[in-house]
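There are 2 protein chains.
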Amino acid sequence: MDPEAFRREAHRVADWVADYLADSARYPVLAQIAPGDIVRALPAEAPDTGESFDAIFEDFERVIMPGITHWNHPGFFAYFSITGSGPGILAEFLSAALNVQAMLWRTSPAATELEEVTLAWLRKLVHLPGDFDGVIYDTASVSTLHALAAAREHVAPNVRARGLIGRYRVYCSDQTHSSIDKAVILLGLGHESLRKIASDSEFRMRVPALAAAIHEDRAAGWTPLAVVATVGTTSSTSIDPVAAVGEVCAREKVWLHVDAAYAGVAAMVPGYEHILAGAAGADSIVLNPHKWLFTPFDLSVLYTRHMDLLRSAFSLTPDYLQTTEVSPVRNLMDTGVQLGRRFRALKLWMVLRHFGAEGLKARLSEHMRLARLFAGWVDASEDFERLAPVPFSVVCFRSVPRALGSDETALDAHNEKLLDSVNRTGAVFLSQTRLGGRYSLRLAVGNLHTTEQHVARAWELLNNLR
Amino acid sequence: MDPEAFRREAHRVADWVADYLADSARYPVLAQIAPGDIVRALPAEAPDTGESFDAIFEDFERVIMPGITHWNHPGFFAYFSITGSGPGILAEFLSAALNVQAMLWRTSPAATELEEVTLAWLRKLVHLPGDFDGVIYDTASVSTLHALAAAREHVAPNVRARGLIGRYRVYCSDQTHSSIDKAVILLGLGHESLRKIASDSEFRMRVPALAAAIHEDRAAGWTPLAVVATVGTTSSTSIDPVAAVGEVCAREKVWLHVDAAYAGVAAMVPGYEHILAGAAGADSIVLNPHKWLFTPFDLSVLYTRHMDLLRSAFSLTPDYLQTTEVSPVRNLMDTGVQLGRRFRALKLWMVLRHFGAEGLKARLSEHMRLARLFAGWVDASEDFERLAPVPFSVVCFRSVPRALGSDETALDAHNEKLLDSVNRTGAVFLSQTRLGGRYSLRLAVGNLHTTEQHVARAWELLNNLR
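Each protein sequence line maps, in turn, to chains A and B.
Everything in the first sequence is counted per this note's numbering, starting at 1 for the first residue and increasing by one.
Everything in the second sequence is counted per this note's numbering, starting at 1 for the first residue and increasing by one.
Careful: at least some of the hints might be erroneous.
According to the in silico footprint, chain A covers these stretches of chain B (three or more CB under 8 Å from chain A) [claimed, not checked]: (1) 133-146; (2) 193-199; (3) 213-225; (4) 310-316; (5) 429-442.
In case anyone wonders, no lab produced these hints; they're calculated from the structure.
C-beta: ideal position from N, C-alpha, C; glycine also.
Start from the sequences, fold in the hints, and give me the full structure.
Here it is in structure tokens:
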């Protein structure tokens with residue numbers, strides 16, 4: 001693509017993206033296609049000769065767009081509702097153009113140092129102490145994997161050379177994210193090494209049960225490796241009693257990892273500082289700006305006070321990556337399994353500056369206000385019931401038709417059907433979970449463009465279609 | 001950022017990127033700043049109130065750009081020289097705007113299905129058999145990690161539940177990439193589980209030594225887990241005798257993983273089909289379109305004929321991610337540790353269509369021609385010597401001043417100094433490695449904008465500064 005052709009097409013794409021973001025509500029939220037539709041619409045082989053960008057872009061609009069589920073839609077209330085933002089998107093455009101690999105300081109000093117700067121900004125915004133050092137990974141799954149690898153290095157110092165010998169336990173609650181399960185499997189600890197502690201009626205880890213489990217395991221010959229506490233669990237956004245969990249960890253000398261991937265950023269909002277207060281003594285903590293801080297996917301942050309352990313676990317410099325800086329520099333490849341790294345700090349930097357601390361706080365507050373508003377409607381209705389507290393921006397609830405009484409099986413089926421009907425409208429997209437065995441609908445607010453009107457529309461559809 | 005502000009800024013960035021790509025040679029290739037310069041130039045805290053995009057972009061140009069090492073510069077000859085391309089960059093812009101999460105089919109059917117389509121295109125281009133199924137990860141480090149995790153699942157079927165018990169070996173050559181080292185550490189196998197087989201005078205794995213090592217290890221109680229053969233090693237781009245390695249693997253029933261991250265794409269060039277011929281019988285193979293296929297970083301492809309094993313190792317569906325499609329769909333979260341996934345297939349699709357098979361082949365051929373041209377100059381010179389064959393687009397060589405004779409220590413120091421002098425010019429950026437103990441300069445061609453003139457300039461500087 002010659003420079004002038006690139007310029008022309010870049011302006012075309014800029015206009016397309018501007019139009020898209022101005023009105024993403026014109027699309028159905030959830031893609032309304034059938035499995036295989038896109039595969040069938042495309043040729044089975046790459047073209048022999050190059051095609052015009054006109055032809056490619058036409059297919060993008062004709063074939064790809066109908067297969068997009070619109071995470072930008074203000075009616076997207078599923079999973080954790082995420083949004084990018086203008087400055088974040090433009091930063092990604094710049095980052096793709098620069099195409100730097102931040103494996104070594106010298107391969108892109110700006111990427112390395114801007115990561116340091118922005119992670120210090122974010123750390124201060126959420127009131128974490130200064131001895132937490134940060135590093136950016138792609139996803140919380142990978143951040144947590146590295147945290148547990150550092151914990152493993154700590155408990156089993158020969159594990160790097162000799163491999164796993166012995167039986168180790170990782171503790172979390174029965175509400176903890178599945179990435180913990182995948183991490184213990186990958187690390188070779190085995191899924192049985194993960195002991196899930198029962199949660200209480202508000203889906204928070206029972207600390208006495210944790211302490212008892214550790215004692216029982218030690219007596220049975222297991223070595224505790226780490227405890228994972230969550231601030232904002234995936235199902236109900238419950239908050240584990242992190243400070244009390246931390247006391248157990250301190251007493252037992254066990255690594256405390258805090259999964260605050262979704263909710264941790266809320267600690268910057270006045271009145272919410274306490275949610276990470278217990279995490280101040282943790283060994284590691286994960287926050288995902290790509291979840292609820294208007295940063296396009298992917299950008300997950302791991303803070304740890306033991307960056308040295310991550311380096312002991314992973315640093316390794318082959319001949320072809322030796323460098324000769326006279327002063328010490330941070331080579332980001334030393335703290336992870338991924339050698340190549342995108343320039344992700346750029347988008348976080350542009351987002352933090354564009355919104356400013358006040359702008360971020362205002363938007364997070366508004367999302368929480370919308371969730372409380374919706375929860376109030378649920379609470380005031382005889383036809384619905386709430387299934388969990390609403391500490392942040394997610395509401396768990398279900399429809400309870402009088403006719404079904406307390407027939408839990410029928411209630412599950414009814415709510416599953418209701419969810420499907422609501423999502424088929426294309427106006428909103430909600431997801432589900434199970435809480436205490438019950439099928440629960442889940443409304444997650446997180447999109448920059450979601451207003452009271454969109455939440456009201458969801459409520460209206462739920463009432464009309466139940 | 002309101003829609004019209006976004007439109008205005010998107011056009012500004014589009015012009016900036018077009019200008020940048022049209023003349024990235026105006027910058028020094030290697031950033032000429034000192035460690036800490038960028039940290040010092042930026043405030044220690046995020047701003048309280050939002051700032052204008054004007055102010056942010058001004059700082060991007062003033063503070064960030066001088067700290068960029070220009071991977072787009074036609075004089076970038078270090079590591080593996082990578083380049084994005086216009087269609088790839090625009091696809092990333094679109095992907096950041098859409099911001100879809102391809103964890104489940106329903107969360108973005110287009111991302112899931114376009115991945116299937118483009119990976120079939122790529123597989124056919126490099127002549128791999130149809131029973132290879134593909135999946136996109138971020139980096140080759142992560143692709144290889146998953147390949148070895150699948151191999152581990154295969155050899156130790158209880159490892160998912162029970163964890164690692166016993167002693168396993170992974171084999172590679174002494175030229176294999178450091179990501180294999182990191183993978184065995186992460187997987188809990190321990191670094192000692194990696195047995196590096198000596199390579200021959202052309203840096204290819206010695207197959208009899210591999211067979212002997214496996215026999216010796218079995219006798220000593222180790223269980224062979226996998227062999228990693230490389231097509232295009234990182235130091236010299238040597239090609240392991242994959243077919244012969246494969247015969248050993250077949251006889252010993254050991255998983256064969258082929259690391260073709262850099263060079264595998266060259267199999268599409270007429271005359272180079274043979275480089276992956278031996279890989280046709282492999283269990284898994286990694287190719288990185290972000291290395292030498294004009295796709296912006298990151299996009300690595302793992303092909304395997306055992307996708308079922310990857311699923312056995314990692315699939316796990318919590319309540320909040322259950323779906324209800326009636327026909328079977330591919331949920332990409334089932335084949336990896338990363339739950340969240342960017343829409344990476346879009347850029348590969350646009351790149352493959354923009355260039356077409358012929359366009360890709362022509363550019364890869366030209367890069368290899370430029371490398372051979374440079375190697376010819378080295379061979380014809382009395383002042384330089386080549387240190388390895390040039391099967392692809394990388395030349396390993398050194399300066400051999402007559403005065404230093406065969407004083408290897410002095411030669412190493414001389415070449416290290418020469419490299420530093422050449423890189424300080426800012427006109428080109430070369431890197432180094434060690435081959436047979438000798439400090440070797442390395443010239444890697446891979447940038448779309450590199451022409452004979454840039455290779456000649458590197459040669460001129462090397463001669464002037466030696």
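(request) May I ask which of the numbered hints given earlier this structure violates, with the numbers listed in increasing order? (result) 2, 3
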